[in-house]
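Undergrad: Sequence:
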Amino acid sequence: MHTARMTRTRFGTAFARSDFGRLTAALVLAVAIGVVSLPWLERHFLAKTGVQGMDTLNLSVAGLRSALNRFEPLPALIAERPELARLLRNPANPLLLAQVNARLKETADRLEASDVYLMDKNGMTLAASSYLKDLSFVGKSFDYRPYFTESLAGLPSRYFALGTTSGERGYFYAAPVWEDAQVVGVLALKFTVDGFEDAWRSGPSELMVTDANGVVFMSSRQDWHFRTLAPLSADALEGIQRTRQYPPARLKPLAIDSEPLNDRLTRVTATSDTRTEHFVESQTLLPDVGWRVHILSPAGPARTQALAVFGVYVMLVLLIGLALALVLSRRARILERLEVQRATQDLLERRVRERTADLNVANASLRTEVEERRSAEHRLRITQKELIQAGKLAALGQLSAAISHEINQPLAAVKSYADNAALLMDRERLPEARENMTRISKLADRIAAISGHLRNFARRPQEGIAAVDAAAVIDDAIELLGAKIKSRGAQIKFDRPAAPLFAMGGQLRLQQVMVNLLANALDATEDKDQPHIAVALSNENDIIKITVTDSGPGLSEAALAQVFDPFFTTKEPGKGLGLGLSISFNIVEDFGGHLRARNLDQGGAEFSVELPAAAPQGIAAQ
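Counting along the sequence shown from 1, when you hit position 247 you're at 246 in numbering that gives the first Met the number 0, and nothing is skipped either side.
FYI, nobody ran anything at the bench for these hints, they're computed from the structure. Mixed in with the good hints, there may be bad ones.
Below, simulated DSSO-like cross-link-like pairs (lysine-lysine); rule was C-alpha separation at most 27 angstroms, straight line [stated by the list, open to error]: (1) Lys527 - Lys485; (2) Lys132 - Lys120; (3) Lys485 - Lys104; (4) Lys414 - Lys492; (5) Lys492 - Lys527; (6) Lys132 - Lys104; (7) Lys120 - Lys104; (8) Lys483 - Lys527; (9) Lys570 - Lys485; (10) Lys414 - Lys527; (11) Lys139 - Lys120; (12) Lys570 - Lys492; (13) Lys139 - Lys104; (14) Lys47 - Lys104; (15) Lys414 - Lys483.
Restraint ranges, calculated between C-beta atoms of paired labels, are given here [to be verified]: (16) Thr275 - Ser201: 23 to 29 angstroms; (17) Ile542 - Asp108: 20 to 26 angstroms; (18) Lys47 - Leu599: 52 to 58 angstroms; (19) Gly20 - Gln51: 41 to 47 angstroms; (20) Ala498 - Asp222: 28 to 34 angstroms; (21) Ser257 - Pro90: 50 to 56 angstroms; (22) Arg274 - Ile319: 38 to 44 angstroms; (23) Val313 - Ser257: 27 to 33 angstroms; (24) Arg64 - Ala307: 34 to 40 angstroms.
Every value quoted in this text rests on a predicted model; they were computed, and no experiment measured them. Idealized CB from N, CA, C, for every residue including glycine.
Work out the full structure, taking the sequences as your base and the hints as a guide.
TA: Here is the structure:
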């Protein structure tokens with residue numbers, strides 16, 4: 000009996016050792032598989048990084064192409080001005096030269112161009128918007144520039160180069176000046192590219208634009224300007240020197256090594272004097288200008304993700320191995336103590352395996368649920384921002400016709416005054432002509448104010464929550480809706496407090512709320528002969544309260560219950576998205592306030608915005 004028991008014990012010990020050996024081998028094999036798979040994991044996450052970079056690249060290319068196409072027709076339109084041809088015929092006329100210089104400066108200011116200048120057939124600059132500056136283009140010859148030679152041949156042209164006078168990089172547009180079917184000169188515009196690069200620097204990726212020779216002329220990295228992707232050929236270098244396009248001393252190749260990831264992405268290693276960086280590169284071609292736009296997304300996060308996945312995998316393997324080792328150890332002890340309890344031991348092992356599997360499933364399910372919640376929250380935030388912008392654009396669509404009417408009136412007056420000023424100047428009645436020019440300037444200021452309010456309203460807000468002058472926001476909203484108010488014959492009474500009241504919020508988003516409330520009030524009183532809208536502003540126990548009341552028909556009980564629901568509207572189809580009040584409600588809630596609606600006893604509806612009053616230190620900071 001004892002001998003049989005010892006035999007069973009030795010058998011159980013040997014069996015346990017065999018199991019531990021197989022477990023160790025399996026763990027080593029699993030870890031080895033993880034190590035072998037690590038490069039594949041890294042390539043997988045690098046590819047995902049590259050795909051995300053391509054989305055950013057497409058947006059950047061769309062913005063760049065839009066800007067290039069927007070400015071392209073301008074030189075030809077400006078070149079049609081008759082005073083340009085007159086100056087080219089008579090360049091020694093000082094009055095005409097002063098007039099053209101002033102007009103070109105006004106044009107450059109309006110277009111936000113770096114320079115606008117007129118050249119004769121020899122490439123000599125006769126007039127320029129920079130005529131008052133130390134580094135003026137006047138008197139400079141640009142006959143070596145390709146855009147001059149192409150436009151002198153009668154073709155519109157554009158060109159990128161480093162300015163030989165200003166030392167600033169810019170994109171040049173040029174067009175011929177015609178007279179009697181002959182080219183008598185060239186009109187050119189120059190725009191700087193710093194704005195694009197400033198926008199690119201706000202992201203984690205590096206962007207750069209190269210020309211047909213592989214020269215980097217735009218980049219989010221300043222130290223890459225005028226560097227090349229490969230050594231330049233002798234012909235390319237000679238052409239650059241002949242046209243003075245770039246400084247030859249800086250045309251040195253970047254220290255870049257490339258390795259294809261797939262047919263669209265490349266792994267790039269960039270080396271400088273101070274560091275080595277790893278990127279995932281994707282690129283696209285702008286065939287109409289011969290440019291290639293590159294985006295280099297940092298590869299570090301992809302490697303970190305791959306290592307994190309590998310670490311989780313190794314931890315899971317070790318945990319599973321530990322669990323199995325504990326199970327095998329217990330099994331070995333049971334076999335050593337009493338072989339006859341094998342049936343009980345098998346049952347126990349089965350339960351342990353089931354519980355381990357349940358834990359693994361529960362753990363995986365929990366991780367999946369956490370990721371889904373994070374993804375849903377992220378999509379919700381994005382959707383909310385897009386809905387806010389959609390509401391603003393919808394409001395702008397409704398305002399566009401009225402604002403167009405507001406702008407057309409001063410434009411007609413500008414044309415009339417300009418025609419009269421030309422006649423007065425021909426008759427040398429300069430004081431009267433100067434008075435007309437002053438009137439034109441005031442009308443231009445009025446147009447600029449209207450377009451400025453429209454631009455500010457359409458801009459996608461990026462501000463946080465700070466102290467906001469509530470009365471100023473109401474004034475801006477009323478002025479923005481001025482054309483619509485006038486067209487409806489409505490009266491808006493603003494009960495302005497004696498002292499400024501500051502609320503906690505965002506200037507642009509609070510302005511959007513007020514525009515929505517006032518526009519809805521105007522629509523509600525559309526059928527009234529004398530529409531009346533009242534706006535009140537007060538401070539009630541450190542709560543800034545803004546109320547908008549109208550003389551409309553009010554809201555039904557059903558509408559009042561769902562007035563702030565998305566896509567709910569009482570307007571006719573095509574006149575509203577049903578998003579304005581829902582977006583306004585969420586904006587006010589984000590500010591820590593409340594937006595309420597009720598019907599008035601005497602008729603009409605009242606909407607009230609309640610916001611926390613700004614603390615004195617917040618007002619002082621403003």
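Undergrad: Quick one, are Lys414 and Lys527 close enough, alpha carbons at most 27 angstroms?
TA: The given pair, whose Cα atoms are some 37 angstroms apart, is violated under the 27 angstroms limit.
Undergrad: Sort out whether Lys527 lies within 27 angstroms of Lys483, counting only the CA atoms.
TA: holds, 15 angstroms
Undergrad: For Thr275 and Ser201, compare the CB-CB distance with the range 23 to 29 angstroms and indicate the outcome.
TA: The hinted range 23 to 29 angstroms holds for Thr275 and Ser201, with Cβ atoms some 24 angstroms apart.
Undergrad: Return holds or violated for the Cβ distance of Ile542 and Asp108 against the range 20 to 26 angstroms.
TA: violated, 45 angstroms
Undergrad: Take a quick look at whether Lys132 and Lys120 sit within 27 angstroms of each other, Cα to Cα.
TA: holds, 24 angstroms
Undergrad: I want to verify a distance hint. Is the separation of the beta carbons of Ala498 and Asp222 within 28 to 34 angstroms?
TA: violated, 53 angstroms
Undergrad: Is it true that the CA of Lys139 sits at most 27 angstroms from the CA of Lys104?
TA: Measuring from Cα to Cα gives roughly 17 angstroms; hence the hint holds.
Undergrad: When you check the alpha-carbon spacing of Lys414 and Lys492, does it fall within 27 angstroms?
TA: Given pair Lys414, Lys492 is violated - Cα atoms ~35 angstroms apart, limit 27 angstroms.
Undergrad: Is it true that the CA of Lys139 sits at most 27 angstroms from the CA of Lys120?
TA: holds, 13 angstroms
Undergrad: For the range 50 to 56 angstroms, tell me whether the beta carbons of Ser257 and Pro90 fit it or not.
TA: At roughly 53 angstroms between Cβ atoms, Pro90 and Ser257 fall inside 50 to 56 angstroms, so the hint holds.
Undergrad: Would you mind confirming whether the straight-line C-alpha gap from Lys120 to Lys104 stays at or under 27 angstroms?
TA: holds, 22 angstroms
Undergrad: Within 27 angstroms, alpha carbon to alpha carbon, are Lys485 and Lys104?
TA: violated, 35 angstroms
Checked against the numbered hints given earlier, the structure breaks hints 3, 4, 10, 14, 17 and 20 and satisfies all the rest.
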